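If you're matching them up, the sequences are chains A and B in order.
My numbering puts the first sequence at residues 133 to 245.
My numbering puts the second sequence at residues 1194 to 1308.
Just so you know, these hints were derived from the structure itself, not from any lab.
Here the structure is a predicted model, which is why all the values come from computation and not from measurement.
Among the hints, a few may not be true.
Unchecked claim - As a list, the in silico DSS-like pairs of lysine-lysine whose alpha-carbon atoms are at most 25 Å apart:
| id | chain 1 | residue 1 | chain 2 | residue 2 |
| --- | --- | --- | --- | --- |
| 1 | B | K1198 | A | K189 |
| 2 | B | K1264 | B | K1250 |
| 3 | B | K1235 | B | K1303 |
| 4 | A | K143 | B | K1264 |
| 5 | B | K1303 | B | K1208 |
Stated by the list, open to error - Rough simulated footprint, nothing fancy, chain B against chain A, three-plus residues with beta-carbon under 8 Å:
| id | segment |
| --- | --- |
| 6 | 174 to 180 |
| 7 | 237 to 245 |
Each residue gets a CB set at the ideal place from its N, CA and C atoms; glycine is no exception.
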Amino acid sequence: DAGITQSPRHKVTETGTPVTLRCHQTENHRYMYWYRQDPGHGLRLIHYSYGVKDTDKGEVSDGYSVSRSKTEDFLLTLESATSSQTSVYFCAISDLQGRTEAFFGQGTRLTVV
Amino acid sequence: QQQVKQSPQSLIVQKGGISIINCAYENTAFDYFPWYQQFPGKGPALLIAIRPDVSEKKEGRFTISFNKSAKQFSLHIMDSQPGDSATYFCAASMGYGGSQGNLIFGKGTKLSVKP
Chain A
133 DAGITQSPRH
143 KVTETGTPVT
153 LRCHQTENHR
163 YMYWYRQDPG
173 HGLRLIHYSY
183 GVKDTDKGEV
193 SDGYSVSRSK
203 TEDFLLTLES
213 ATSSQTSVYF
223 CAISDLQGRT
233 EAFFGQGTRL
243 TVV
Chain B
1194 QQQVKQSPQS
1204 LIVQKGGISI
1214 INCAYENTAF
1224 DYFPWYQQFP
1234 GKGPALLIAI
1244 RPDVSEKKEG
1254 RFTISFNKSA
1264 KQFSLHIMDS
1274 QPGDSATYFC
1284 AASMGYGGSQ
1294 GNLIFGKGTK
1304 LSVKP
C-alpha cells in the first residue's frame, strides 16, 4: 500500500461543530486530493493541492476548506458541519496529475448528527 | 453535469462468467481512462488504464475496450471469480494541468460474483 494515512478513521460529530480531517503521506507526491463518496454519487472531488500552499476547488467544495503547509500533510476542514456532510472521505495522492495512478487512503467515515 | 456515465449500477454474475461494465463520456479532450476497484472498507485502487491511441488493453483477466468514435469504453472481466466482487469505477482526465487534469469518476458499479 502507498504510504497514506488518514485520521481519524471514524468520527461522529454534532451539527455546527468544526471538524478537521488529516491526510498524511510518506511518498513525497506533489498532488493531494480530498474526495467524498456517497451512495449513488460515486467519488466527487472536494479540493485538491498541487504543492505546498497551492490548493484549488473541486466539484463539491462548498462548506469545506483545505490547507497544505507541508508536502506530506493535507487537511480538510468542515467549518460548521451539517448533516449533508455525512459521508466517507478519501484522501488521494499522485506524482503527476491525471495521467498517472492515484493512490487512495483507507477513508474516514464521518457522521454528523 | 455528469461527464462520465457508468452502467449498470449493479451487476450479478455467476462464477466463471464474463462481467461487462460500460462507461460513456462527452468531452473529446479526455485522454486517459482508468478503472478503479474498491473493496468494502477500503479505498479505490487502480486496476487498469488505457489511452485513446489503442482500442484494447488486456491485463490478465481484465480487458478495457475503447471506442473513440462512440466515446465509450468498457471493462470486461473474464472468468469472473467471487474475489472479484467489489465496486468498480471508471474515470477520465485530460491531464493538461489545473482542474482539467483531475480525474472525473463515474458513479460506480457494484459487482457480485456468485459461486
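Results of checking the hints against the structure:
no., hint, in the structure
1, B:K1198 <-> A:K189, "22 Å, holds"
2, B:K1264 <-> B:K1250, "16 Å, holds"
3, B:K1235 <-> B:K1303, "14 Å, holds"
4, A:K143 <-> B:K1264, "41 Å, violated"
5, B:K1303 <-> B:K1208, "15 Å, holds"
6, 174 to 180, "holds (count 5)"
7, 237 to 245, "holds (count 3)"
This entry does not satisfy hint 4, going by the numbered hints stated previously; all others are met.
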